[in-house]
Each structure stands twice: as C-alpha cells, then as structure tokens.
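Number of protein chains: 2
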Amino acid sequence: MNQEYSGSGDPAKSLELLWRRRPQPTRGPKPALTVDQIVTAALKVADTDGLAAMSMRRLADELGVGAMTLYRYFPGKGELLDVMLDTVYGELPRRDVPGEWRAKLDEVARENRELYLRHPWMLQVAISRPPLGPNVMAKYEWELSAVEGIGLSDVEMDSTVALVNGYVHGAVRTAVEARQVILRSGMTDKEWWLAHVPHLDQISDLAKFPLSARVGTAVGSEFDAPYDVDHAFEYGLERLLDGVSALVVNRSAPEG
Amino acid sequence: MNQEYSGSGDPAKSLELLWRRRPQPTRGPKPALTVDQIVTAALKVADTDGLAAMSMRRLADELGVGAMTLYRYFPGKGELLDVMLDTVYGELPRRDVPGEWRAKLDEVARENRELYLRHPWMLQVAISRPPLGPNVMAKYEWELSAVEGIGLSDVEMDSTVALVNGYVHGAVRTAVEARQVILRSGMTDKEWWLAHVPHLDQISDLAKFPLSARVGTAVGSEFDAPYDVDHAFEYGLERLLDGVSALVVNRSAPEG
DNA sequence: GTTATACTTCGTACAGTGTACGCAGTTGAC
DNA sequence: GTCAACTGCGTACACTGTACGAAGTATAAC
Chain X
1 MNQEYSGSGD PAKSLELLWR RRPQPTRGPK PALTVDQIVT AALKVADTDG LAAMSMRRLA
61 DELGVGAMTL YRYFPGKGEL LDVMLDTVYG ELPRRDVPGE WRAKLDEVAR ENRELYLRHP
121 WMLQVAISRP PLGPNVMAKY EWELSAVEGI GLSDVEMDST VALVNGYVHG AVRTAVEARQ
181 VILRSGMTDK EWWLAHVPHL DQISDLAKFP LSARVGTAVG SEFDAPYDVD HAFEYGLERL
241 LDGVSALVVN RSAPEG
Chain R
1 MNQEYSGSGD PAKSLELLWR RRPQPTRGPK PALTVDQIVT AALKVADTDG LAAMSMRRLA
61 DELGVGAMTL YRYFPGKGEL LDVMLDTVYG ELPRRDVPGE WRAKLDEVAR ENRELYLRHP
121 WMLQVAISRP PLGPNVMAKY EWELSAVEGI GLSDVEMDST VALVNGYVHG AVRTAVEARQ
181 VILRSGMTDK EWWLAHVPHL DQISDLAKFP LSARVGTAVG SEFDAPYDVD HAFEYGLERL
241 LDGVSALVVN RSAPEG
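Here the protein sequences line up with chains X and R, keeping their order.
All the letters of the first sequence, read from the start, carry residue numbers 1 to 256 under UniProt numbering.
All the letters of the second sequence, read from the start, carry residue numbers 1 to 256 under UniProt numbering.
All copies of an identical chain are treated as equivalent in the list; a pair is satisfied when it fits inside any one copy or across any two copies.
Below, computed lysine-lysine pairings styled on DSSO-like, alpha-carbon distance capped at 30 Å:
(1) K30 / K44
(2) K208 / K190
(3) K77 / K13
(4) K208 / K13
(5) K77 / K190
(6) K13 / K30
(7) K77 / K30
(8) K13 / K190
(9) K44 / K13
No wet-lab data here; the hints were simulated from the structure.
Since we're looking at a predicted model, the values are computed, not measured.
Produce the complete structure using the sequences and hints provided.
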C-alpha cells in the first residue's frame with residue numbers, strides 16, 4: 001500500500017550518514033546502537049516482511065529500544081531508507097565483463113534485476129534523488145563504464161544507462177507485483193481471468209473485444225509457469241539493446 | 001509518500017461497480033449520492049492535490065457527507081481507485097492511425113503518456129490486476145490492434161504492448177518525480193548536484209569516480225530545460241520501437 | 001571535586017490513515 | 001400497519017511518522 005519517499009534534508013548531514021562520517025561527540029553517554037546495527041535490522045524486516053511492515057516502532061521493537069531512540073541516529077525515516085538503499089547496492093558484484101558494450105549493458109541489467117528480486121522493497125521506494133553514498137556512486141560509475149568509449153555523448157551515456165535501469169525497474173516491479181498478487185489473492189492469473197470472463201461476458205458481451213478475448217485467453221493459459229516471467233524480461237531486454245545498438249552503430253560510423 | 005493498491009474483492013461486485021450495473025434496490029431511502037459523483041470528486045482531489053491528499057475523510061468533506069457514507073457506494077478505497085482508473089482511461093482518444101504498426105504503437109505510447117501527465121496520481125496506484133471496466137477493455141483492445149496481423153503470436157502481442165506500456169509508465173514516472181522533487185526541494189537538478197559536489201569531494205575525493213563526475217556535470221548543466229525531458233522520452237521510445245522492429249522483421253520474413 | 005554542558009534514551013502526545021460496527025431514521029412491499 | 005431492506009454516519013480501533021520535553025549520564029572546564 002505504501003510507497004515511501006527517501007530523504008531530502010541537509011546535504012552535509014545526509015552524506016555524513018551515508019559515508020559514516022558522523023563526528024562522534026566527546027561528552028555524554030555512549031550511544032547504545034550504531035547506524036549499521038539499525039540498518040541491518042531494518043533490512044531484515046524489509047526483506048522478510050516487506051516495506052509496509054517496516055515501521056519505526058516495529059524496527060525499534062526488533063532492536064529492543066524505544067521508537068524515538070531511532071531519531072537520534074537518523075533525522076527521519078527517509079534518511080534511513082537512503083542508507084538502506086546504498087547498503088544493498090553494495091551487494092552488486094559489479095563484474096567487469098570483457099568484450100562489447102552490449103555484453104556489459106546486459107550484465108548491468110542482470111545484476112540490477114537480481115538485486116531487485118532479492119530486495120523487492122526497493123521497488124517501492126520512490127527515490128526523489130539518488131542517495132550519493134559510496135555504493136550508489138560505485139554503481140553509477142560501473143554502469144557508465146559499460147557505455148564509455150563507444151562514441152556516445154555524455155548525456156547519451158546517462159540516457160542509455162537510465163533507459164536500461166528504468167526498464168529493469170519496471171520489468172521487475174511488474175514481475176514482483178504479479179508474484180505478490182498471487183499470494184495475496186490466492187489466484188493465479190489464469191484463475192483470475194477465468195473467474196472474470198463469465199461475469200464480463202454477461203455484463204458486456206466479450207465479443208465486442210475480440211482481440212482481448214483471444215489474447216487474454218492465450219496469455220492466461222501460457223503464463224502460469226515462472227519461466228515465462230524470465231522470458232518476458234529477456235524479450236524486453238533484447239528489444240531494448242537492439243534499440244541501443246541502432247544508436248551506437250549510428251554514432252560509431254557517422255561517415256557511413 | 002503513499003502508493004496505494006487497487007481493489008481485489010469479489011469479481012462480480014467489482015465488475016458491477018465498473019460497469020455501473022448495480023441493481024438498484026426498491027426499498028429504503030434513495031441514495032443521496034451516485035458513484036459518478038463520488039468518482040468525479042475523487043478525481044478532482046487527486047488531480048489537484050495528489051493521491052496522498054485523497055483520503056476518504058477529505059473526499060467525504062468535499063461531498064458534504066460523513067466519511068463512512070462512502071462505504072455504502074464502494075467496498076473500500078481500492079475499488080474506488082479502480083473506478084477512478086477506468087474512468088480516466090476513458091479520456092484516451094484511441095485514435096486509429098493509418099499506416100504501419102510502428103506509427104500505431106507510437107500513438108499508443110503518446111496517448112498513454114499524455115494521460116499520465118494529466119493525471120500523475122495514476123503512477124502511484126499499484127495495479128495488482130487491471131480493473132476490467134469498459135474503458136480499460138477498450139484501451140487494451142485498441143492497443144492490441146496496433147500489433148495485430150504483423151506475424152506476432154498472441155503472447156508476443158501482449159508482451160509487446162506490455163513492453164511499450166511499461167516503458168511509458170516508467171519514463172513518465174521518472175519525469176513526474178523529477179518535476180515534483182524540484183517543487184518540493186526548491187532546487188533544480190543542477191543546483192542539487194552543485195550543492196553536493198563540494199561535500200562529496202571532501203568526504204571521498206570525486207576523482208575516484210571520474211565518469212560520474214564528468215557525466216553528472218554534463219547532465220546537470222544541460223538538463224534544466226523542460227524540453228530535455230521530452231527528448232529523453234523520444235530517445236527511449238525510438239530505441240524501444242527499433243527493438244520491436246527487429247522482432248517484427250524476423251517474424252514477417254522467417255524464410256529470409 | 002564540583003559544576004555545567006552536551007549528549008543519551010524514550011514516554012507521551014498529536015494529527016493523520018482506512019475501516020468495522022452498530023444505531024437511528026426512511027422507504028416501499030406485503 | 002408491520003416488517004424488511006436500505007441509507008447516513010458517529011464512534012472506535014489499530015495503525016503511521018515524529019515533535020516535544022523530561023530524566024539520566026558521561027565528560028570538559030573550573
């Protein structure tokens with residue numbers, strides 16, 4: 001139900017948090033927790049029970065402290081989400097694939113996909129602006145290196161990386177939502193379609209929508225196996241890279 | 001802050017609501033409101049103040065009734081969102097563009113984009129499953145007709161339409177978020193980047209991320225004009241359709 | 001050694017959210 | 001005239017993020 005915003009406060013404060021450069025004070029009691037402890041606990045909750053379950057109270061309970069204690073470590077929930085994001089981006093292997101740009105971009109897409117599948121809550125965080133932590137920076141640098149030196153302008157490099165990332169984000173979100181809706185509703189897409197068809201036909205006469213009826217049925221009967229989700233991802237990625245290819249060829253051989 | 005789920009209750013009830021086929025009872029007082037009145041008011045709130053502002057209480061206030069009154073017309077907020085979605089999909093012109101599939105798919109992308117830009121709250125509704133109302137059905141039928149008869153299988157037709165829709169959804173969401181974050185933060189992307197660079201450089205040494213520094217600056221200095229958002233959309237759509245083209249050519253001339 | 005200061009934890013409170021429940025009043029069927 | 005079906009809606013509940021301030025503690029300054 002909830003898409004949460006990441007933080008947007010003071011740049012210096014946020015960066016200190018992301019890079020763990022908080023100047024530790026001399027006076028006063030030593031803090032009982034660390035930023036990393038809180039982030040670890042938050043990730044555990046988000047990974048296992050979803051982002052909606054990760055309330056500040058729940059998280060505090062998990063850590064055995066009062067809810068307001070967390071606000072000594074983070075200005076607000078948004079900043080915590082920022083650090084969580086940067087942390088999981090650190091899980092990217094960031095493999096340096098030898099060969100052409102296409103293989104590299106393919107790797108970028110695949111690694112991001114795996115990450116999203118492992119932490120589906122990431123898809124519910126609306127990043128107003130990327131949290132410029134160490135892992136986000138390294139990720140962006142690595143992604144840009146996939147399209148460096150093939151004749152694209154700086155802006156085109158950014159657009160291309162954003163395009164691939166946008167595709168992966170959308171594709172995985174669709175897949176994850178599809179998976180979750182099956183769990184919540186207890187119905188597969190096929191069952192859901194078959195449950196609606198008779199009512200729909202009675203209310204409106206499905207013959208008015210011949211293509212929808214035909215394709216809907218075909219999709220419903222084929223798309224119950226999980227491999228099909230993978231197939232849709234591959235299909236879209238191939239289309240996308242084919243499209244990028246057209247641009248790259250155009251840029252690398254402008255005299256042709 | 002909130003991404004809301006659309007409804008997922010009894011199919012018959014939901015379809016009755018979407019198609020306005022509620023059997024009106026004979027006994028009891030005549031309802032003071034209609035489904036359409038509520039939906040119109042809800043759309044007004046969502047369009048002007050965003051989805052977060054569209055609470056049931058706010059909506060009820062707007063209509064001059066008690067909050068719980070709305071639950072006489074809709075089982076829950078999810079179902080209301082479903083009807084809202086189906087209603088705005090009715091604004092699609094669904095123009096029948098003459099010529100090739102590419103022009104038709106292009107039109108599909110453009111009309112959907114316009115709609116999302118006009119009703120940005122749509123992007124925050126996580127549709128677990130499409131609300132099968134009259135306008136959603138007509139939209140799907142129209143979209144499928146763009147890729148009918150060019151040699152694709154039924155499943156490929158659905159995948160292709162979903163791919164284009166997914167792209168538009170993601171692209172517009174990015175653009176809308178970018179627009180909104182400027183309003184909320186009072187900073188353009190360039191200003192934001194320039195506010196972070198000195199801190200980032202001090203904390204970590206930006207020279208470790210040469211590509212990011214170069215490209216980030218280039219993007220920041222160019223992407224402040226609104227036309228650039230349009231440009232990014234065009235760029236991605238061209239890539240995508242190029243990619244689809246590769247598949248269509250392959251299917252239409254398999255003997256080559 | 002005392003005091004002042006900076007820092008900690010966290011209970012309480014506030015303004016929200018969606019909606020379950022049940023009561024009071026109204027209408028038409030019998 | 002009676003009853004069942006229906007409508008509007010007040011109240012309540014379990015949540016949410018977090019502002020405020022009180023109480024306690026460790027250290028710097030004197």
